[in-house]
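Using the hints provided, position chain C relative to the given structure of chain R.
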Amino acid sequence: MFFLKDVKYKSILDIKNLHIMKNKITCIVGESGSGKTTLLKLLNKMLSPDEGKIFYNGRSIRDMNSIELRRKVVMLSQVPLIFSGSIRDNLLMGLKFSEKPLVSDTILYNILEIVNLHKDLEETADKLSGGEKQRLSLGRILLIDPDVYLLDEPSSSLDEDTEEVIIEKLVSHTKSANKTLVMVTHSKRIAKTFADNIIEIKQGKIVI
Amino acid sequence: MNSIINLGLWQIAAAYIFVIILLFIVKIKGIPREKEILISSIRMTLQLILTGYILLYIFDNSHPLYTILIIVIMEVFAIYNVFKRVKLDLSMNIKKIIALSMASGTILSVLYFILVVINLSPWYEPRYFIPLTGMLIGNSMTGISLGVSRLVDGIHKEKHLIESALMLGATPKMATKEIVDKAFDSAILPTINSMVGMGIVFLPGMMTGQILSGASPITAIEYQIAIMLGILGSVSLTSAIFVQLGYKTFFNEDSQLILEEESN
Numbered sequence: 001m002f003f004l005k006d007v008k009y010k011s012i013l014d015i016k017n018l019h020i021m022k023n024k025i026t027c028i029v030g031e032s033g034s035g036k037t038t039l040l041k042l043l044n045k046m047l048s049p050d051e052g053k054i055f056y057n058g059r060s061i062r063d064m065n066s067i068e069l070r071r072k073v074v075m076l077s078q079v080p081l082i083f084s085g086s087i088r089d090n091l092l093m094g095l096k097f098s099e100k101p102l103v104s105d106t107i108l109y110n111i112l113e114i115v116n117l118h119k120d121l122e123e124t125a126d127k128l129s130g131g132e133k134q135r136l137s138l139g140r141i142l143l144i145d146p147d148v149y150l151l152d153e154p155s156s157s158l159d160e161d162t163e164e165v166i167i168e169k170l171v172s173h174t175k176s177a178n179k180t181l182v183m184v185t186h187s188k189r190i191a192k193t194f195a196d197n198i199i200e201i202k203q204g205k206i207v208i
Numbered sequence: 001m002n003s004i005i006n007l008g009l010w011q012i013a014a015a016y017i018f019v020i021i022l023l024f025i026v027k028i029k030g031i032p033r034e035k036e037i038l039i040s041s042i043r044m045t046l047q048l049i050l051t052g053y054i055l056l057y058i059f060d061n062s063h064p065l066y067t068i069l070i071i072v073i074m075e076v077f078a079i080y081n082v083f084k085r086v087k088l089d090l091s092m093n094i095k096k097i098i099a100l101s102m103a104s105g106t107i108l109s110v111l112y113f114i115l116v117v118i119n120l121s122p123w124y125e126p127r128y129f130i131p132l133t134g135m136l137i138g139n140s141m142t143g144i145s146l147g148v149s150r151l152v153d154g155i156h157k158e159k160h161l162i163e164s165a166l167m168l169g170a171t172p173k174m175a176t177k178e179i180v181d182k183a184f185d186s187a188i189l190p191t192i193n194s195m196v197g198m199g200i201v202f203l204p205g206m207m208t209g210q211i212l213s214g215a216s217p218i219t220a221i222e223y224q225i226a227i228m229l230g231i232l233g234s235v236s237l238t239s240a241i242f243v244q245l246g247y248k249t250f251f252n253e254d255s256q257l258i259l260e261e262e263s264n
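Protein sequences appear in the order of chains R and C. Under the numbering used here, think of the first position of the first sequence as 1, with each following residue one higher. Under the numbering used here, think of the first position of the second sequence as 1, with each following residue one higher.
The following block holds chain R by itself, in its conformation from the complex (with noise of 0.2 Å):
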């Protein structure tokens, strides 16, 4: 799915060659500052490298318009991004973003219950705690249903608990829906326990 190839970001990053296999689920793990997050954002062409290059599906990313590439392979940020206005909102602005049709909320609620937020639709979403909304940024993604899933960090404000129940949901609902998902995680536990594949970073190279 995706190749890289001698890819050199500033100083940050220098890959000589990695493979990301499709339908698959790739942990991301190394220490923070190791350049994981640079990793995912050049996946999807937030960032372009300096050096080398990078393939999707065959086809240099280079050549590729970005917005059409985010479409499919889409990432979701450490921070979470909540938007004034309801969970319904908030919800349905991944679609808006990404020009799909907007969905009923049956569809809504199922995905409320994938990332196990049992909260009505017409609630304040500022209004949640900081896990919650990053369960709701987590659900604005599953409804926007890319071939990729690129997640920077996705359970950091969840305890432990519901952290292992929320991957799990997410890695049987990608496998199901055969996706790909790469995961960025400081958790070698999460990464051991979910993972098709490793790859751990250090100081902005591939150690395995």
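Since the hints were derived computationally from the structure, they do not count as laboratory data. Careful, some of the hints might be misleading.
Said to hold, decoys possible - When the alpha-carbon atoms are kept at most 25 Å apart in a straight line, the in silico DSS-like pairs for lysine-lysine are as follows:
id: 1; chain 1: C; residue 1: K177; chain 2: R; residue 2: K100
id: 2; chain 1: R; residue 1: K8; chain 2: R; residue 2: K22
id: 3; chain 1: C; residue 1: K157; chain 2: C; residue 2: K84
id: 4; chain 1: R; residue 1: K100; chain 2: C; residue 2: K173
id: 5; chain 1: R; residue 1: K127; chain 2: R; residue 2: K96
id: 6; chain 1: R; residue 1: K133; chain 2: C; residue 2: K95
id: 7; chain 1: R; residue 1: K96; chain 2: C; residue 2: K84
id: 8; chain 1: C; residue 1: K95; chain 2: R; residue 2: K127
id: 9; chain 1: C; residue 1: K248; chain 2: R; residue 2: K72
id: 10; chain 1: C; residue 1: K248; chain 2: C; residue 2: K95
id: 11; chain 1: C; residue 1: K157; chain 2: R; residue 2: K96
id: 12; chain 1: R; residue 1: K72; chain 2: C; residue 2: K177
id: 13; chain 1: R; residue 1: K96; chain 2: R; residue 2: K16
id: 14; chain 1: R; residue 1: K133; chain 2: C; residue 2: K157
id: 15; chain 1: C; residue 1: K248; chain 2: R; residue 2: K96
What the hints assert, rightly or not - So these bits of chain R aren't anywhere near chain C, every CB distance computed over 12 Å:
id: 16; residue: K8
id: 17; residue: N57
id: 18; residue: S86
id: 19; residue: R88
id: 20; residue: L102
id: 21; residue: I107
id: 22; residue: I111
id: 23; residue: E123
id: 24; residue: D159
id: 25; residue: E168
id: 26; residue: K188
id: 27; residue: I198
The C-beta atom is built at its ideal place from N, Cα and C for all residues, glycine as well.
Chain C in isolation, oriented as in the chain R frame:
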């Protein structure tokens, strides 16, 4: 109507008593502003005297080239003033957009105002063209300064929100919509607010000037209404062009947000 009272030299000199009173007050209070007060009073006096004589010359020797030259000087001064007023670092690209929006927005409004609303003949008649254009440019300058501050500041402050939206597949336009709308709103708000108080809370400078120089209040009001609408048009057009083009300078051709500092 009574004849116009021309101010004699000693009468103008008597008005400087207010500067002396202010100097006295800041001296007593120990506020270190004497220098600025003196410099600004002297600058105001000299600039106005100079302008007075230049206008006198131009009115007596009316020529389209003189009118155009004055407008160009006003535009350049106004654009430079916007750069100075906005207390933020501005990129070269955004400066170009400011200059472009100021020039195109004000010139379009001025032409419409002079040719259609006032129906001035000859079109370059400096007695009308110069003061009316000055008012449109001056107000647009104030409006666009507020819009620029709000846009640049908003994009820096909401960097994470914009990036998160881009990551979800939003176009730069979608990702900055809220900031762009707020910037436009803050640019036009002072003009809208000033219309509300007009005639009741204060008499606008132009109208006061016309009345003092002997025009009928009705004529003065006709001009004031027209110029207010002209200002509204010019401020809106200038700010709309600016925000529509301005936000784009923060993105590269790959729809990536480009600010000085990059986070890992």
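Do the hints match the structure? See the list:
{"no.": "1", "hint": "C:K177 / R:K100", "verdict": "holds (18 Å)"}
{"no.": "2", "hint": "R:K8 / R:K22", "verdict": "holds (23 Å)"}
{"no.": "3", "hint": "C:K157 / C:K84", "verdict": "holds (21 Å)"}
{"no.": "4", "hint": "R:K100 / C:K173", "verdict": "holds (17 Å)"}
{"no.": "5", "hint": "R:K127 / R:K96", "verdict": "holds (22 Å)"}
{"no.": "6", "hint": "R:K133 / C:K95", "verdict": "violated (38 Å)"}
{"no.": "7", "hint": "R:K96 / C:K84", "verdict": "violated (39 Å)"}
{"no.": "8", "hint": "C:K95 / R:K127", "verdict": "violated (40 Å)"}
{"no.": "9", "hint": "C:K248 / R:K72", "verdict": "holds (23 Å)"}
{"no.": "10", "hint": "C:K248 / C:K95", "verdict": "holds (13 Å)"}
{"no.": "11", "hint": "C:K157 / R:K96", "verdict": "holds (23 Å)"}
{"no.": "12", "hint": "R:K72 / C:K177", "verdict": "holds (22 Å)"}
{"no.": "13", "hint": "R:K96 / R:K16", "verdict": "violated (37 Å)"}
{"no.": "14", "hint": "R:K133 / C:K157", "verdict": "holds (20 Å)"}
{"no.": "15", "hint": "C:K248 / R:K96", "verdict": "holds (20 Å)"}
{"no.": "16", "hint": "K8", "verdict": "holds (14 Å)"}
{"no.": "17", "hint": "N57", "verdict": "holds (17 Å)"}
{"no.": "18", "hint": "S86", "verdict": "holds (17 Å)"}
{"no.": "19", "hint": "R88", "verdict": "holds (16 Å)"}
{"no.": "20", "hint": "L102", "verdict": "holds (15 Å)"}
{"no.": "21", "hint": "I107", "verdict": "holds (18 Å)"}
{"no.": "22", "hint": "I111", "verdict": "holds (15 Å)"}
{"no.": "23", "hint": "E123", "verdict": "holds (21 Å)"}
{"no.": "24", "hint": "D159", "verdict": "holds (23 Å)"}
{"no.": "25", "hint": "E168", "verdict": "holds (24 Å)"}
{"no.": "26", "hint": "K188", "verdict": "holds (20 Å)"}
{"no.": "27", "hint": "I198", "verdict": "holds (20 Å)"}
Consistency with the previously given hints fails for numbers 6, 7, 8, 13, ordered from lowest to highest.
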